[in-house]
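Peer 1: Spelled out, the chains give:
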Amino acid sequence: MTTPQPHAFLIVDHGSATVSAALIGRAGGAWRLIGNLAVPAGGDLGPAIGVLVARARVAHPGLAAAIGIVDVEAEALPRLEVRSRRPRRLAVVAGAERTLGGLVATAARSGWRPTGASAESTDPLAMSRLLLEHTVEAILVGAADPPRADERGAIRELAALVAAVAVRRPEVPIVLSGSMSEGLEEFGDVGGRPGEILLAPAAVGLGGEGADGVDPLSKLLLELALPADDPRRALGAATQALAEVLDRRIEVIVLGHDAAMRAVAAPGAGGEPSTVRLAVVPEAAVAPDDPDDAVVDGVLVWSTVPADRHRLRDRMRELRIAPWSDGAGEGAALRMAAAHAALVRLAAATHTFDSAPVPDLVVAACGVWSAVPPPAVALAHIDVIRRPGASQYALDHARLLGALGAIPDPGERRLLMADLVDDLLAPLGTVVTPAGLRAGRSAGSVVVHGADGSNELDLAPGGLELVDLPPGSTAVAEFRFRDRVRLGGKGRHFAIDVAGGLGGLLVDLRDVPLRLPDRADRRRDLLAAWQASLWAGAEA
Amino acid sequence: MTLLNGSPADLGLVRVRRLLDGPIDVTFPLAPGDRALVAAGESVVAGAPIIERVRDARLSDVVLPETSAPKPGARIVDGELLFDWRGRWRVAGGEFTEPMDSPVAGIVREVRAGSAIVVRATGRAVRGIVTLGGPTRGRLHIASWIEGELRSSSVDVGLAGTILVVGSRIGAETLTRARAMGVHGIIVAGLASKERRDYAASERRQRAALHRLQPFAVLVLEGAVRRPLAGPVMAILEALEGQEVAIVADPPTLIFDLPDLDVPPPRPDHVRIRAGQLSGREGSWAGLVGPRRFDGGVHLEAGTVRLEDGSVVAVPLGDLERFG
Numbered sequence: 001m002t003t004p005q006p007h008a009f010l011i012v013d014h015g016s017a018t019v020s021a022a023l024i025g026r027a028g029g030a031w032r033l034i035g036n037l038a039v040p041a042g043g044d045l046g047p048a049i050g051v052l053v054a055r056a057r058v059a060h061p062g063l064a065a066a067i068g069i070v071d072v073e074a075e076a077l078p079r080l081e082v083r084s085r086r087p088r089r090l091a092v093v094a095g096a097e098r099t100l101g102g103l104v105a106t107a108a109r110s111g112w113r114p115t116g117a118s119a120e121s122t123d124p125l126a127m128s129r130l131l132l133e134h135t136v137e138a139i140l141v142g143a144a145d146p147p148r149a150d151e152r153g154a155i156r157e158l159a160a161l162v163a164a165v166a167v168r169r170p171e172v173p174i175v176l177s178g179s180m181s182e183g184l185e186e187f188g189d190v191g192g193r194p195g196e197i198l199l200a201p202a203a204v205g206l207g208g209e210g211a212d213g214v215d216p217l218s219k220l221l222l223e224l225a226l227p228a229d230d231p232r233r234a235l236g237a238a239t240q241a242l243a244e245v246l247d248r249r250i251e252v253i254v255l256g257h258d259a260a261m262r263a264v265a266a267p268g269a270g271g272e273p274s275t276v277r278l279a280v281v282p283e284a285a286v287a288p289d290d291p292d293d294a295v296v297d298g299v300l301v302w303s304t305v306p307a308d309r310h311r312l313r314d315r316m317r318e319l320r321i322a323p324w325s326d327g328a329g330e331g332a333a334l335r336m337a338a339a340h341a342a343l344v345r346l347a348a349a350t351h352t353f354d355s356a357p358v359p360d361l362v363v364a365a366c367g368v369w370s371a372v373p374p375p376a377v378a379l380a381h382i383d384v385i386r387r388p389g390a391s392q393y394a395l396d397h398a399r400l401l402g403a404l405g406a407i408p409d410p411g412e413r414r415l416l417m418a419d420l421v422d423d424l425l426a427p428l429g430t431v432v433t434p435a436g437l438r439a440g441r442s443a444g445s446v447v448v449h450g451a452d453g454s455n456e457l458d459l460a461p462g463g464l465e466l467v468d469l470p471p472g473s474t475a476v477a478e479f480r481f482r483d484r485v486r487l488g489g490k491g492r493h494f495a496i497d498v499a500g501g502l503g504g505l506l507v508d509l510r511d512v513p514l515r516l517p518d519r520a521d522r523r524r525d526l527l528a529a530w531q532a533s534l535w536a537g538a539e540a
Numbered sequence: 541m542t543l544l545n546g547s548p549a550d551l552g553l554v555r556v557r558r559l560l561d562g563p564i565d566v567t568f569p570l571a572p573g574d575r576a577l578v579a580a581g582e583s584v585v586a587g588a589p590i591i592e593r594v595r596d597a598r599l600s601d602v603v604l605p606e607t608s609a610p611k612p613g614a615r616i617v618d619g620e621l622l623f624d625w626r627g628r629w630r631v632a633g634g635e636f637t638e639p640m641d642s643p644v645a646g647i648v649r650e651v652r653a654g655s656a657i658v659v660r661a662t663g664r665a666v667r668g669i670v671t672l673g674g675p676t677r678g679r680l681h682i683a684s685w686i687e688g689e690l691r692s693s694s695v696d697v698g699l700a701g702t703i704l705v706v707g708s709r710i711g712a713e714t715l716t717r718a719r720a721m722g723v724h725g726i727i728v729a730g731l732a733s734k735e736r737r738d739y740a741a742s743e744r745r746q747r748a749a750l751h752r753l754q755p756f757a758v759l760v761l762e763g764a765v766r767r768p769l770a771g772p773v774m775a776i777l778e779a780l781e782g783q784e785v786a787i788v789a790d791p792p793t794l795i796f797d798l799p800d801l802d803v804p805p806p807r808p809d810h811v812r813i814r815a816g817q818l819s820g821r822e823g824s825w826a827g828l829v830g831p832r833r834f835d836g837g838v839h840l841e842a843g844t845v846r847l848e849d850g851s852v853v854a855v856p857l858g859d860l861e862r863f864g
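Those protein sequence lines, which keep their order, are chains A and B. For the first sequence, position 265 (counting from the first letter as 1) is numbered 265 according to our numbering, and the numbering increases by one without interruption. Basically our numbering = 1-based index in the second sequence + 540.
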């Protein structure tokens, strides 16, 4: 008698704050998500996997037998593992402040924690001190292409300074961007150096624009910052595969403990291949290393709990130190506010993504959402990223996207994605956001034609209207506005196909962009009221 | 059932906090102009000078003969060579220097001019969250605190040369007074952001003065909110009372080289509640209970803890820590 081979494997995502383990099994001719569990980073993974597999056995013994996990050692199951690493520090130097600004902005959305200095405002001693700091793990030195008048005089001395640092820190990779590439000869024999010397285009806006909005410097810096199996970098490939599988425009937003990510992908059409843009922004981490006044003030804006700056800064430090901890009560409210503020920083760093068409589906993912009811997740996103139109929202609740993106073979990745797509995305619902509403008692009405009949709702400007539409159901929402509004195009009458979810259909009639009261108490009350409609027990 | 009866395997889901680390690498940063007084491979003893720091480093230009084969990072009389620019070398140097002594014994693993010295410290280490100031060395003393906080008036010159363990938190005024009284260091569970900012400002003003400051460091073991020191950590600190210890900044650590010191480990099922309403309470693991609804309408994976008074409470797994 032979022991049946398991038709199951584990996907493990080692995050900075939590480790997520998911059990995937072959059932009904397709790979399905059987269960998942997240535990604090630093706990033992073995017991977590044991609990996960034991729960699957108890919940559905027949399925457990079919996928062959009854008599196997849980920890012996094959694994697809990815691990997030802490973003590294990049020293950025340039001849002029304007060039430096472009380089730092590019590095900041490419997985690095940049620290910058320009020859215009920093003397060679301070610049040498920065480049020689032992925490610096790579150097970016750049100039516009062709060099601008205000940096022409400084870049040769800058090249000599960086070349001397290259001798002293041979293990550090150095990127020469734009016309700084012409200073390569200063670096002597680059082949014998352990750290690479890379030639790169200038930053966007400084002569480094690629075709179709592609940012070649950012792409190179991302590849240097993160290995291919890092789930943050793999998110681009995962988003692209998802767009291809669903044949829809996809946006994925991940708010992580060390960095936030935004990926936008469109499926191929008319013989053109699919496209993807990815930004990894460490400064948009939910809990930055050192919460300065700007970060704390940003969180205060979205806080529903009264707190002064000092107390909130203490809470943010605690969130940084132990992100898995204090998830209930005020801790949940703090996470919600910190996530809002992180989204604001992410949106600012990736504002160039806003020129893309409104995505058909927005996928949210991050450990911080594990302590928040799913419908409130969609609300957090539309509070910050406001664009007129209609999109579906979903949650990557088992944190599978990053791991799937790390599968090296695109075909295999797409196949597994196609099998798992219904399980990995928890539908949150559809959000419809018209813009250009005039204040008044009523902006019009919506009739939702569903399988169980029609449901009419008056639309009051400035608020949120919720229509119960369970996951799996679809409907047509017929909007009739009193005035012309923007909702994709401009008009008064729209019929939109909507899909249900845990939050149903959400019609967001608030201002675009959102205007919040200046007075803290009024702002808190308003935010709490909006959240209460989607977060049962938030006031407890 | 493994899931319901709280077998020891469930305890593995609780995050482990390492109580003691083995020999660790301590990094002492160097700035251009600083002189390393040790070389890689050398052994150092606690108290031996390892760095000569330049105060207010300045940049100068020097013409060097080609026969001297100058290299970036090399030293000349004027200071440290930075780079050659149009036949003249830019040099980092300064008029005033001050020595920095090693707070630990160990082997120098790496010396990189202008960047850092790395020393593999002998002994064992208790990790903290952050060190302000430092490095420093002194005799560990457990101060007596009231309601978890050491008051400014309790610090006097009799504590000079000690490293004080001061409870759950401390104010900037007490920190400043401790430094003025010759205390070498403070070990505290939490340091609020306001106290941290006020103390850092005071420290900057002191450093701006020309006279050399005595070494002083604040090692924060837990975080930023008021929380008592963990029992197993306190047991280590009590065992170290009266012994010479060191505080270093990178990594933020308390280091002691006492091979014969016996620190009994806590019970394997000993857990501590790190956050929430029961923050600071300790007890024994009573089993995993699965997802539970907690305050704020959130559902979190939870375990139960039997507290010292015999009561059993359900706590989110993320709020618990055990010690290893």
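None of these hints come from the bench; they were simulated from the model. Backbone N, C-alpha and C define an ideal beta-carbon position, used for all residues, glycine too. Check each hint, because a few of them may be wrong.
Which residues of chain B face chain A? A partial, calculated answer using Cβ under 8 Å [claimed, not checked]:
id	residue
1	P605
2	A609
3	L622
4	D624
5	G627
6	F636
7	E638
8	M640
9	W685
Chain B stretches covered by chain A per the calculated footprint, using a threshold of three residues with CB under 8 Å from any CB of chain A [unchecked claim]:
id	region
10	691-703
11	774-788
12	810-820
13	841-854
Peer 1: Was the hint right that F636(B) lines chain A, CB cutoff 8 Å?
Peer 2: 16 Å, violated
Peer 1: Would the hint on W685(B) stand, with a C-beta cut-off of 8 Å toward chain A?
Peer 2: This hint is violated: W685(B) lies away from chain A, its Cβ roughly 20 Å from the closest one there, beyond 8 Å.
Peer 1: Between the region 841-854 of chain B and chain A, are there enough contacts, at least three residues with CB-CB distance under 8 Å, for the coverage claim to hold?
Peer 2: violated (count 1)
Peer 1: With 8 Å as the cut and Cβ atoms as the points, is L622(B) at the interface with chain A?
Peer 2: 5 Å, holds
Peer 1: Would you check chain A against the region 691-703 of chain B, counting CB to CB pairs closer than 8 Å, and say if three or more residues qualify?
Peer 2: violated (count 0)
Peer 1: Does E638(B) meet its interface restraint, that is, does its C-beta lie within less than 8 Å of any C-beta in chain A?
Peer 2: 18 Å, violated
Peer 1: Interface hint check: P605(B), Cβ to nearest Cβ on chain A, cutoff 8 Å. Holds or violated?
Peer 2: This hint is violated: P605(B) lies away from chain A, its Cβ roughly 19 Å from the closest one there, beyond 8 Å.
Peer 1: Can you tell me if the region 810-820 of chain B counts as covered by chain A, using C-beta to C-beta distances under 8 Å and a minimum of three residues?
Peer 2: holds (count 4)
Peer 1: Does G627(B) hold up as a contact with chain A if the rule is Cβ-Cβ below 8 Å?
Peer 2: Result: violated, 11 Å to nearest chain A Cβ.
Peer 1: With a cut-off of 8 Å, does the beta carbon of D624(B) approach a beta carbon of chain A closely enough for the hint to hold?
Peer 2: Since chain A brings a Cβ to about 7 Å from D624(B), closer than 8 Å, the hint holds.
Peer 1: Just to make sure I understand the rule, a stretch counts as covered if three or more of its residues have a C-beta closer than 8 Å to a C-beta of the chain. Does the region 774-788 of chain B meet that for chain A?
Peer 2: Not satisfied, violated; 0 residues make the cut.
Peer 1: Mind checking the CB of A609(B) against every CB in chain A and telling me if the closest is under 8 Å?
Peer 2: 13 Å, violated
The structure does not agree with the numbered hints 1, 2, 5, 6, 7, 8, 9, 10, 11, 13 stated previously, though it agrees with the rest.
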